[in-house]
Amino acid sequence: MSANILVFDSGVGGLSILAEVRKQLPQANYCYLFDNARLPYGELDEQELIQGCVELIARAVTLSEADIVVVACNSASTLILPALRETLTVPVVGVVPAIKPAARLSKNKHLGLLATPGTVNRRYTQELIDKFARDCRVDRFGSSELVYIAEAKMAQQPLDLQTLHEVLKPIKESGLDTLVLGCTHFPILASELQDYLGEGVTLLDSSRAIAARVMTLIQMEGKQGLRGQSQAFYTTTTIAEGLKTTLAAWGFSSVVSFAECAIETGS
1 MSANILVFDS GVGGLSILAE VRKQLPQANY CYLFDNARLP YGELDEQELI QGCVELIARA
61 VTLSEADIVV VACNSASTLI LPALRETLTV PVVGVVPAIK PAARLSKNKH LGLLATPGTV
121 NRRYTQELID KFARDCRVDR FGSSELVYIA EAKMAQQPLD LQTLHEVLKP IKESGLDTLV
181 LGCTHFPILA SELQDYLGEG VTLLDSSRAI AARVMTLIQM EGKQGLRGQS QAFYTTTTIA
241 EGLKTTLAAW GFSSVVSFAE CAIETGS
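All residue numbers for the sequence shown refer to the UniProt record's numbering, where the first residue is 1 and numbers rise by one.
It should be emphasised that the hints constitute simulated quantities derived from the structure, not laboratory data.
For clarity, every value in this text was computed on a predicted model and none was experimentally measured.
Treat the hints with caution; some may be incorrect.
As the list claims (entries may be wrong) - Capping the alpha-carbon separation at 27 Å, the derived lysine-lysine pairs in DSSO-like fashion look like this:
(1) K172 <-> K107
(2) K23 <-> K131
(3) K153 <-> K23
Can you build the whole structure from these sequences, using the hints too?
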């Protein structure tokens, strides 16, 4: 029986997580569900986010017969995991900002966290900093603009580099040497971020750690990938043709509206 892995995000940012998971489990079946109708999550009311995500993911798990769920969104992970784990019977893996490894890696003990405003201001984020980076200065930078720029890149649309540089300017001027990408959209812009910030700033995200955790849980479940099918689903009525082209290049055999079809599994 092949492993069915459901990866969930508000947009295409979760593809940065899926890419690392696929390296570990290339023959698993992947269902990628992105709730682009409510993008970005970092600006939503917390209760609305919890209820909406749990309902959407629960339905997707049933339709896809998922063996494991990866919530590839920092904003969602900091809020919905307890409710989601109470609802589902399959393992759930969330994404948290890579504060702990960043604190170990930084040479000048000056870190930055670049995330959506919701993640930056959430109490859970402060708890991570207090627990793992007490000996560091941690500057927090909230941006929803970069989410839209990452979405534009994946849709093969022009990038708003002026806005990108405006967001990054205070980061570059701060003197930090390690920047945590606390939104899964942001690794999509890694080359643009690195070009502007320079080689003196190390970019860090959670994708490899998440992939390792998924690999461990799949092995515990006794699953083995045999077919390697991939499908993508979105929650709006339509998406840009450029994004469909990009998703096809990522190996998705179908890219369709979640409301209009049932998911076929590879089990």
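We went through each hint and held it up to the structure:
no., hint, result
1, K172 <-> K107, "holds (16 Å)"
2, K23 <-> K131, "violated (31 Å)"
3, K153 <-> K23, "holds (22 Å)"
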